[in-house]
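K.L.:
Given next are the chains, with one letter for each unit.
4 protein chains.
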Amino acid sequence: MNLEEKYFKNISNRERVIFEGAITMGALFHQFIGTPVSIKSVESLERSIESAMSLQPCIGNVEVKIDRDVLDEIDNEYDYISLTGEMLDVKIMSNYSDKRAIIRLKYIKELNYPLMYIEDVY
Amino acid sequence: MNLEEKYFKNISNRERVIFEGAITMGALFHQFIGTPVSIKSVESLERSIESAMSLQPCIGNVEVKIDRDVLDEIDNEYDYISLTGEMLDVKIMSNYSDKRAIIRLKYIKELNYPLMYIEDVY
Amino acid sequence: MNLEEKYFKNISNRERVIFEGAITMGALFHQFIGTPVSIKSVESLERSIESAMSLQPCIGNVEVKIDRDVLDEIDNEYDYISLTGEMLDVKIMSNYSDKRAIIRLKYIKELNYPLMYIEDVY
Amino acid sequence: MNLEEKYFKNISNRERVIFEGAITMGALFHQFIGTPVSIKSVESLERSIESAMSLQPCIGNVEVKIDRDVLDEIDNEYDYISLTGEMLDVKIMSNYSDKRAIIRLKYIKELNYPLMYIEDVY
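Residue numbers (the numbering used here), protein chains in the order written: chain E, 16 to 137; chain V, 16 to 137; chain G, 16 to 137; chain R, 16 to 137.
Next up, chain E with everything else stripped away, as it sits in the complex:
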């Protein structure tokens, strides 16, 4: 057992993928909320969020979609806005040993809240 494994011996592999995926989702949200974004820059921002966050422990693929409708409707002199949680739709795949989780961030209208939940874990 290496040093890092010692810190996680109190949880199962399934719990580990939930743990690591959740950390990365919280991190993604709070790192990038506030970033200036427009139709011109949105794709570059999506790709760089994906490549930054997939560096974290146990993280595989990351998919980030920023709401184009909101960007199309920007109505100020400067043609950009600050990224908000409501504009984000994110999937984070985490893996450890034989386990895998898909963590989702999505704005849920009925909750009036950008909810983070576990789409699948197996």
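Please keep in mind that the hints were generated in silico from the structure rather than gathered at the bench.
Even for Gly, the Cβ is constructed at its ideal location relative to N, Cα and C.
Be a bit skeptical, because a hint or two may be false.
[Said to hold, decoys possible] Straight line, CA to CA, 30 Å or less: simulated DSS-like cross-link-like pairs of lysine-lysine: (1) V:K80 with G:K80; (2) G:K21 with R:K114; (3) V:K80 with E:K114; (4) V:K114 with G:K21; (5) E:K121 with V:K21; (6) G:K24 with R:K121; (7) V:K24 with E:K24.
[To be verified] To give an idea of the chain R side of the interface with chain E (calculated C-beta under 7 Å), a few residues: (8) P51; (9) S56; (10) S63.
Following the hints, put chains V, G and R in place on chain E, whose structure we already have.
P.N.:
What follows is chains V, G and R alone, placed relative to chain E:
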């Protein structure tokens, strides 16, 4: 079952406290890293990080300690630095139903990394 | 002339206070946007933003007001929201030698934009 | 005179380019410090910082260089680190009417500080 519970019916209560505690730890790190901090402002910063992050779903007590030794040794004209992950020691208590987790962030010298792990879950 | 002064010998004292105040306003916005906030935590957050940002070069008093009306109207299960630029009203006083500037951040309804401008410089 | 111009009638065009360039430099630093970065993701991160920050008022070209030497020497299990101010070398060009400024962020060893200064204004 309310709407929010539907999103979490695929995981156990134990997994839920791990999930929510981990989100908040990732959030805390990436929200506040970079904040200017000195010996003068450190306590105000610790308390406001605690009260901000304890607002998140299922989060109870949050304890933030920023390394005073680093602050005492600041050696530049401006007497402050940007907060780094290495300076943080954090405990986040998450609760859901009958379950509780203590999530920890601590710089581990042997790993040369500010590690997030689960100190206890029960 | 010390080393730091060499980097600023190409601008006037009046330009210096504008420069330093503006840096700190941009920094404040992008450091703290996204922070969880509610009526319970708002005052602690205001005070810690003020004490953090007043550490920066040439910065004197900082006054942060977060819109209580928005916080009173929060309508989700979790009773908090992420701080946005629209909720902020900020004054930053910068000083250098005999000069002083007051930099303001305020949401301007007609511009649909949280505008940063110079309220006074003398 | 449009509405926005009214807010800036108390400063010269030269002061305006200093003001807007400085805001964007403070914003850039505090938005992106803490972002996970490695040799694999560094170029995507540089380009997306540039395209995000060039959206801000009066900003033209933005050049971001992240220190590859630091990334080559990463020595932890996860092969990435959190972006720090010391790793950044940035030039921001701001324009307004007939005036232009080049704002620079660079780590100055003698100051032990990532300094923001005005490289040129004309």
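K.L.:
Would you mind marking each hint as holding or not holding in the structure?
P.N.:
Hints, one by one, checked against the model:
Restraint check for V:K80 and G:K80: the C-alpha separation of about 26 Å stays at or below 30 Å, so the hint holds. A distance of roughly 23 Å separates the Cα atoms of G:K21 and R:K114; the hinted pair therefore holds under the 30 Å criterion. Restraint check for V:K80 and E:K114: not satisfied, since their Cα atoms lie roughly 34 Å apart, outside the 30 Å limit. A hinted pair counts as satisfied when its Cα atoms are at most 30 Å apart, and V:K114 with G:K21 does not qualify at roughly 59 Å.
With a CA separation close to 14 Å, the supplied pair E:K121 and V:K21 stays within the 30 Å bound. Taking the CA atoms of G:K24 and R:K121, the gap is near 17 Å; set against the 30 Å cutoff, the hint holds. Restraint check: the Cα-Cα separation between V:K24 and E:K24 comes to about 26 Å, which is no more than 30 Å; the hinted pair holds. A cut of 7 Å between beta carbons decides the hint on R:P51: the least distance to chain E is about 4 Å, and the hint holds.
Evaluation of the R:S56 hint against chain E yields a held restraint, the C-beta minimum of about 4 Å falling below 7 Å. A hinted interface residue such as R:S63 counts as satisfied when its beta carbon comes closer than 7 Å to some beta carbon of chain E; here the least separation is about 4 Å, so the hint holds.
In terms of the numbered hints stated before, the structure departs from hints 3 and 4, listed from lowest to highest.
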